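If you read the sequences in order, they're chains X and C.
Residue numbering for the first sequence follows this note's numbering, starting at 1 and increasing by one per position.
Residue numbering for the second sequence follows this note's numbering, starting at 1 and increasing by one per position.
Hints listed in this document are in silico derivations from the structure and should not be mistaken for laboratory results.
Hints may contain errors.
Unchecked claim - Covered stretches of chain X (in silico footprint by chain C; criterion: 3 or more residues with CB under 8 Å from a CB of chain C, positions within the stretch not fixed): (1) 48-57; (2) 67-80; (3) 87-93.
Said to hold, decoys possible - 20 Å max Cα-Cα, derived SDA-like pairs, lysine to any residue: (4) X:Lys19 / C:Gly9; (5) C:Lys50 / C:Ile7; (6) X:Lys19 / C:Asp252; (7) X:Lys19 / C:Ala12.
To be verified - Not everything, but these chain C residues come out facing chain X in the computed CB check (under 8 Å): (8) Arg218; (9) Ala274; (10) Glu275; (11) Ala278.
None of the values given here were measured: they were computed from a predicted structure.
Just so you know, even glycine gets a beta-carbon here, dropped at the ideal spot from N, CA and C.
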Amino acid sequence: MLYAILCYHSEAIVGGWSKDEDDAVMEKLEVVHQRLATEGRLGPVARLLPTSAATTLRKDSDPPLVLDGPFAETKEQLLGFYIVDCDDLDQALAVAQELGRANPGGAYELRPIGVFYPSNLPQDAR
Amino acid sequence: MSDLAWIDGALAAARPQAMAALLRYFRDLDVAEEAFQEASLRALRNWPDKGPPRDPTAWLIFVGRNAALDSVRRKAREAPLPQEVLISDLEDAEADLAERLDGADYRDDVLRLLFICCHPDLPATQQIALALRIVCGLSVAEIARAFLVGESAMEQRITRAKARVAKAGTPFETPGAVERAERLAAVMAMVYLLFNEGYSASGGEAPLRSGLCDEAIRLGRLLLRLFPAEPEVMGLTALMLLQHARAQARFDAHGAIILMEDQDRSRWNGRMIAEGLALIDKAVRHRQPGAYQIQAAIAALHARSPRSTDTDWPQIAGLYQALEHHMPSPVVTLNRAVAVSKTEGAQAALALIEPLGERLSAYFHFHGVRGAMLLEEGRSGEAREAFDRAIALARTPAEAAHIRQHIDRLQAEAAQASPK
Chain X
1 MLYAILCYHS EAIVGGWSKD EDDAVMEKLE VVHQRLATEG RLGPVARLLP
51 TSAATTLRKD SDPPLVLDGP FAETKEQLLG FYIVDCDDLD QALAVAQELG
101 RANPGGAYEL RPIGVFYPSN LPQDAR
Chain C
1 MSDLAWIDGA LAAARPQAMA ALLRYFRDLD VAEEAFQEAS LRALRNWPDK
51 GPPRDPTAWL IFVGRNAALD SVRRKAREAP LPQEVLISDL EDAEADLAER
101 LDGADYRDDV LRLLFICCHP DLPATQQIAL ALRIVCGLSV AEIARAFLVG
151 ESAMEQRITR AKARVAKAGT PFETPGAVER AERLAAVMAM VYLLFNEGYS
201 ASGGEAPLRS GLCDEAIRLG RLLLRLFPAE PEVMGLTALM LLQHARAQAR
251 FDAHGAIILM EDQDRSRWNG RMIAEGLALI DKAVRHRQPG AYQIQAAIAA
301 LHARSPRSTD TDWPQIAGLY QALEHHMPSP VVTLNRAVAV SKTEGAQAAL
351 ALIEPLGERL SAYFHFHGVR GAMLLEEGRS GEAREAFDRA IALARTPAEA
401 AHIRQHIDRL QAEAAQASPK
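If we strip away everything but chain C, and leave its shape as in the complex, we get:
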């Protein structure tokens, strides 16, 4: 791995904690974001020569804070603070800072920041967009995709959210227990979006940005400590664990996607599955089903099947139907269609899929699934069209390559069938 790739990873991993600490210090979203960006730039300049600091997060906070203070002081014509080149040698300062950042206080910063971003003055969509931008550093394009909206619309939404937070006066007080409970649903949604961004990894080079998934799972466990008896928090954490357990088996050595039915299940992470199943057990006892619990139950049925042929598709189709009641969404219906195709065949699945066309026309998986179903029905021409649409919408090379396999096979068959 090149130095720059390593630094990129370190910056992404350090971002939530560093942003939270800088925000706590400056109490201003834009100043904190600028401070973090400045620190990141200096890291890119310094780390390749000087080597990485022992604690990159502490370094970024220290340098970011000084850079922001420095610019304030420069404006006030005061003496500048020490340069960051010297800071790497200031062993005592660095160790001292790392020590102060250590422990529960430091770890909880991220979660506190999430609760702050989920300020009730903001509409839900703005809360989550803001949190993804500020806490996770996702680009506007990445967030827009997660919400299935256009980039400029999302840009506007984030700008409006920032303005609103700034106007709200003292929005960065740590919310108390009552506010936390009120904001829980938004925070859970945010954690799951963060997880999904790592899981489906758009934009970036790595097919799976595992760090985001790990961070989301860590936040889920932390939420469980704050809300130990909340079944949806158990469901969310279980869902993330069960999905992330498959990480090692999802891509081949060349980064190509391996579908769940073809995955080597011995490479699934048994410990994560055990933890996920244990959490579902706990959640079920409350008899308050919710969207996360149902999705976790679906993931659990996959995790419990030793071979893909053992999968309990009728029960999965039933669970997706229950999920449609809790969380009506064309994407959920699309997933139900996949389960239905296993139990009732492609024709029944297509009957569910076709009405979704209008709402999912910009959704990669819609065209991929539709193409596969049409192919199964022997409607090669239409399948080819659907796969072409899917390729045009693919966000990662792995997604495009996966669809290309179908197209290549169709072309090979067409070539064989045509007269010599």
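Chain X extracted, bound-state conformation:
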């Protein structure tokens, strides 16, 4: 079974780390990443940019509504995610709109990725 581990923390605290503090945390995490990768158990890993960089596409209206800022509702739950390669936000919104036409309702939050490690899972290496 593949598991997604979703990372939550206070943005004010993590965003307030100095570069040295941040590097120190990343170095410690890297030890765990490396071990899991050697065991062939680590899928893609992403560190997201702050929520201030986020845009939300509400797809429960037609046409869908583009809103600045992160997804902020509590009555909907995180059910999945995509990682797509786009030149800019407009292109990413076009992808989200296409997905939204296939699956209306709810919302997509578009958040640029700051750090990305590709998958090390053996079945992904084909």
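Following the hints, position chain C against chain X.
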């Protein structure tokens, strides 16, 4: 680093939060400022011996508040509060205070204080001057420089602003949503001045007071949470991120300035650039260009060029021209001249620069840029004069050293050219 340098840094970093908390408590600018200064003095006395407290900000607020209360009570012949030497051992009190200060409430204090300083009863220039003085603790000289005015004029402006705030009755109520929107432009200007003070670092020893830049960026992100759909706030935050991303590459090991075209671009902070570019992407969708967005777009063109030779100078020159419409200023024209020198040559740039002389005669960069352009045109004598003016106006040793390189080269060339 010596103890004192460490304490200096800690005091500067703690100042915005501590001042905001003290002001919220005392509701009087002068009392809060005195309380913070008293606490800083006691920190300088105590920390070298006792070691730094776990949370310097909480310590300063606690000690500052008690010192101010103490002086009030002394006047009323009441018993004094515990000495701050004992406070360091009062683990419970300190932990309790730190806990109460923690969280969003505490963090928002600074931003709230900025909105308060931008009271509409004050003219814009006084609002910003007051905020820089109270929130950031910049000296009058530093603020005067940021505004391109004389020190005594700025001193007057701040005194007048304080008097006006005091007269306005209850100015320290937290402004509501409508007031916040009205005061946004002034607060953004203030945040950017704070950033620039860290970025160009006058007066102080460090060539880059990174803490001020980090604080300004933090405030920018916080503003974005309050105004998530405001493209100029996105532009401002992007601009600061893209500029600060170059921090590691801007000075060599001896603290000398490295010009952008000579910087090792691998030392630019990729994550900050990514965040800045993402914010510009968001802003552009609104199709409401503004001064911060245009400046961010210029910074983005630099950030997107893998090598300095890849820089899209024609587009940068065009963006500066657009910026002149949104924010007419001789400094903007000076920057456009630099871009024009890359596309059309030094002569075209000088044609733009010369008319600015009267307004920028006290501006270091004006004479530095003018000297470099004259040099390129082979007008060595005039270039030498311009560099001499620039050196006289340099505010940091790094700026002076940078200009000295030009002068030394001119002298070496002159020596070579002269007959034996």
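Hint check:
1. 48-57: Answer holds; 6 residues pass the 8 Å Cβ test.
2. 67-80: Satisfied; 3 residues make the cut.
3. 87-93: holds (count 3)
4. X:Lys19 / C:Gly9: Satisfied, since the Cα-Cα distance of roughly 16 Å is no more than 20 Å.
5. C:Lys50 / C:Ile7: Given pair lysine 50 (chain C), isoleucine 7 (chain C) holds - Cα atoms ~12 Å apart, limit 20 Å.
6. X:Lys19 / C:Asp252: holds (19 Å)
7. X:Lys19 / C:Ala12: holds (19 Å)
8. Arg218: holds (7 Å)
9. Ala274: Holds - the Cβ of alanine 274 (chain C) comes within 8 Å of chain X, reaching about 6 Å at its closest.
10. Glu275: holds (5 Å)
11. Ala278: holds (4 Å)
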